[in-house]
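Sequences listed follow chains A and B, in order. Counted from 1, the first sequence has number 196 at position 196 by the UniProt record's numbering; the numbering is strictly sequential. Counted from 1, the second sequence has number 246 at position 246 by the UniProt record's numbering; the numbering is strictly sequential.
Don't read these hints as lab results, they were simulated from the structure. All of these numbers come straight from a predicted model, not from anything done at the bench. Think of the CB as a built atom: it goes at the ideal place given N, C-alpha and C, for glycine as much as any other residue. Treat the hints with care, as some may be off.
Stretch-level coverage of chain B by chain A, calculated; a stretch enters the list once three of its residues show a Cβ under 8 angstroms from a Cβ in chain A [as the list claims (entries may be wrong)]:
| hint | region |
| --- | --- |
| 1 | 269–279 |
| 2 | 340–348 |
What follows is a list of derived Cβ distance ranges for each label pair [to be verified]:
| hint | chain 1 | residue 1 | chain 2 | residue 2 | range |
| --- | --- | --- | --- | --- | --- |
| 3 | B | 287 | A | 205 | 50 to 56 angstroms |
| 4 | A | 370 | B | 345 | 33 to 39 angstroms |
| 5 | B | 309 | A | 347 | 55 to 61 angstroms |
Protein chains: 2
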Amino acid sequence: MRQALALARSVMTSTTPNPRVGCVIVRDGRIVGEGATQPPGGPHAEVCALRDAAARGESVQGATMYVTLEPCSHFGRTPPCADAIAAAQPARVVVAMGDPNPQVNGQGLARLRAAGIAVTTGICADEALEINAGFIARMSRGTPWAWVKMAASLDGRSALHNGASQWITGEAARADGHAWRARSCVVLTGMGTMLKDNPRLNVRAVPTTRAPRRAVVDGRFEVPEDALLFDSANADGVETLIFTADPRAANSDKAARLADRNVRVVTLPEGDTHRVDLPAMMRWLGSHDINEVHVEAGAGLGGALLSAGCVDELLVYLAPVLLGDAAAMLRLPLIEHLEHARRFEFTDTLRLGADLRLRARDAARWQALHHAIMCRQD
Amino acid sequence: MRQALALARSVMTSTTPNPRVGCVIVRDGRIVGEGATQPPGGPHAEVCALRDAAARGESVQGATMYVTLEPCSHFGRTPPCADAIAAAQPARVVVAMGDPNPQVNGQGLARLRAAGIAVTTGICADEALEINAGFIARMSRGTPWAWVKMAASLDGRSALHNGASQWITGEAARADGHAWRARSCVVLTGMGTMLKDNPRLNVRAVPTTRAPRRAVVDGRFEVPEDALLFDSANADGVETLIFTADPRAANSDKAARLADRNVRVVTLPEGDTHRVDLPAMMRWLGSHDINEVHVEAGAGLGGALLSAGCVDELLVYLAPVLLGDAAAMLRLPLIEHLEHARRFEFTDTLRLGADLRLRARDAARWQALHHAIMCRQD
Numbered sequence: 001m002r003q004a005l006a007l008a009r010s011v012m013t014s015t016t017p018n019p020r021v022g023c024v025i026v027r028d029g030r031i032v033g034e035g036a037t038q039p040p041g042g043p044h045a046e047v048c049a050l051r052d053a054a055a056r057g058e059s060v061q062g063a064t065m066y067v068t069l070e071p072c073s074h075f076g077r078t079p080p081c082a083d084a085i086a087a088a089q090p091a092r093v094v095v096a097m098g099d100p101n102p103q104v105n106g107q108g109l110a111r112l113r114a115a116g117i118a119v120t121t122g123i124c125a126d127e128a129l130e131i132n133a134g135f136i137a138r139m140s141r142g143t144p145w146a147w148v149k150m151a152a153s154l155d156g157r158s159a160l161h162n163g164a165s166q167w168i169t170g171e172a173a174r175a176d177g178h179a180w181r182a183r184s185c186v187v188l189t190g191m192g193t194m195l196k197d198n199p200r201l202n203v204r205a206v207p208t209t210r211a212p213r214r215a216v217v218d219g220r221f222e223v224p225e226d227a228l229l230f231d232s233a234n235a236d237g238v239e240t241l242i243f244t245a246d247p248r249a250a251n252s253d254k255a256a257r258l259a260d261r262n263v264r265v266v267t268l269p270e271g272d273t274h275r276v277d278l279p280a281m282m283r284w285l286g287s288h289d290i291n292e293v294h295v296e297a298g299a300g301l302g303g304a305l306l307s308a309g310c311v312d313e314l315l316v317y318l319a320p321v322l323l324g325d326a327a328a329m330l331r332l333p334l335i336e337h338l339e340h341a342r343r344f345e346f347t348d349t350l351r352l353g354a355d356l357r358l359r360a361r362d363a364a365r366w367q368a369l370h371h372a373i374m375c376r377q378d
Numbered sequence: 001m002r003q004a005l006a007l008a009r010s011v012m013t014s015t016t017p018n019p020r021v022g023c024v025i026v027r028d029g030r031i032v033g034e035g036a037t038q039p040p041g042g043p044h045a046e047v048c049a050l051r052d053a054a055a056r057g058e059s060v061q062g063a064t065m066y067v068t069l070e071p072c073s074h075f076g077r078t079p080p081c082a083d084a085i086a087a088a089q090p091a092r093v094v095v096a097m098g099d100p101n102p103q104v105n106g107q108g109l110a111r112l113r114a115a116g117i118a119v120t121t122g123i124c125a126d127e128a129l130e131i132n133a134g135f136i137a138r139m140s141r142g143t144p145w146a147w148v149k150m151a152a153s154l155d156g157r158s159a160l161h162n163g164a165s166q167w168i169t170g171e172a173a174r175a176d177g178h179a180w181r182a183r184s185c186v187v188l189t190g191m192g193t194m195l196k197d198n199p200r201l202n203v204r205a206v207p208t209t210r211a212p213r214r215a216v217v218d219g220r221f222e223v224p225e226d227a228l229l230f231d232s233a234n235a236d237g238v239e240t241l242i243f244t245a246d247p248r249a250a251n252s253d254k255a256a257r258l259a260d261r262n263v264r265v266v267t268l269p270e271g272d273t274h275r276v277d278l279p280a281m282m283r284w285l286g287s288h289d290i291n292e293v294h295v296e297a298g299a300g301l302g303g304a305l306l307s308a309g310c311v312d313e314l315l316v317y318l319a320p321v322l323l324g325d326a327a328a329m330l331r332l333p334l335i336e337h338l339e340h341a342r343r344f345e346f347t348d349t350l351r352l353g354a355d356l357r358l359r360a361r362d363a364a365r366w367q368a369l370h371h372a373i374m375c376r377q378d
């Protein structure tokens, strides 16, 4: 299963909106086939592994297959993996976690058992969920897994009082930040960052096979038409989304001009305010095949997403530096009691050059995903 | 040497103002004696190890002695260790780092070499310096090693806007904070913390054999006579220091009453302001046998010490919680360019219950100590 997980991790940037899955087939103590999910339209991990075994001239009959996610049981862009496995007749299939996709949700396992194959589930479930938290979130709750990326000083500041914020963290931390952009389905920012930094938000510091979309939360539809982000998204061949609260935005000339540059304007007002309904935005993204949202914004949008309950994880790059009286990392409402503070749990800590990367996730939201991957047929 | 370092670490709280030293004697691949420095007045590590070997009926002749610090060459409360070693005639002495104490500073090694003993130096120097940074700082630059302990939320806040700050971090982080109090020579705080929290600043959560002194930076000599700190220091049998800028403080009735309770008032004004001259305070502490200063104060004194160049290390306990609009960790002056920001380097990161402990030290100040422990006779 460790090898199957490693295979899944090898396709972090290429399978979306499908999950990243790895599969290893073992017979008589030898690996006779292995595979990882190919880009959309291509075969899933199980079929890749079966084909690999066939290419090696190895029989799968009586073997054990390790798969990081329950095999699918429905016709999508490809035929059901569960049928292909049943036909190959391994003795046993070991599955890391169940697939809460309503079209699967235990039916994949049921089909294997019906074919006389022994099924074991829940092996390395935590590592497997880690790889596909976004897919599982979209399938089980209808919204993507969202993380907020921040760079801050040791005293919790993200910029100087005069706004200078570039280069707080070093090269290695920036490259790691780009790796997180690369795995995401969409990189989301706000108008504060757009106007201050005019960012491209593309993946530069690490190699990748696929570019994430870009999205801007732009309540008043003020985005400049010459923003670098549009050029960069066009160069990558991906759509850009503008979420706005302005009811006239969608039918405006500006929207028409932007449409020619592959920009889609989505109007989601929060009541009759100028603010975007952020939970509605997350639902919209979930219903449009977005598994993972990488938020790279200022203290305003980051704080608003947290306050609206739209954040699963914090990705904090800490530089060993003190900035003193300067901009806060997040703009959050006042709280009166410590018990009301938002609680996360630290997961891993990584040294990146001179900097540290801290990850902290919302424990309750993670537990809910854990519940969703419990195999129904157990 | 690893075992000698472990012995030194076993006496972290008991040797001050002497350094924590460990010694292991090895002959024919067996440990024949070991020891660690005893409380002031008692024997140093080398003599303990020689006595241990004697008690075991083992000869030290021809053996190798591992010592974490250059053996002393002067008569202090005890006779010179170098002479005791020379008399025992080991073949070789391996020393982790030199002792910059002007009364030693290479003379200990010279005496061993003069006695025909082979000397090797600089083995595990970094770990050895880590254990005695305070002693080395006092000997080489005349001021103690000072760390600022802080507890903060993931967004860099140390308290809510209404001042509530207790229990940001959990039990394990608090116990670790007490272990740092226990190893220090003095626990230093400011009047903001005194008036807000009325702390005792004693060592409660971990066992210890010796209590650190307490010190308060109190520019205007406003400390309340019924502060719990005085009772707690009296219970521990240690002196309390009040650093003030008030020229009338020392001869006041209040000072006389406090003197009866083992409180010493030290007047160190910064020019003719109401502020204490913090670098002068550090020199005063260094000249009064203080190796290590544990600063447990608010954003005001912490920031002032940093601005005055009095801080060697930051000890930051981070809770996985977001506090939002709340008090900053440190009050530091505005800076206009990132290059002017105070740069530290992260050393180790430790998970403590749900919290993280980050340590970051001033790289230039650490390097200066490293230079000071280079053995003069090499």
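Hint by hint, here is what the structure shows:
| no. | hint | verdict |
| --- | --- | --- |
| 1 | 269–279 | violated (count 0) |
| 2 | 340–348 | holds (count 6) |
| 3 | B:287 <-> A:205: 50 to 56 angstroms | holds (51 angstroms) |
| 4 | A:370 <-> B:345: 33 to 39 angstroms | holds (37 angstroms) |
| 5 | B:309 <-> A:347: 55 to 61 angstroms | violated (37 angstroms) |
In the structure shown, a violation is registered for the earlier hints numbered 1, 5, in ascending order.
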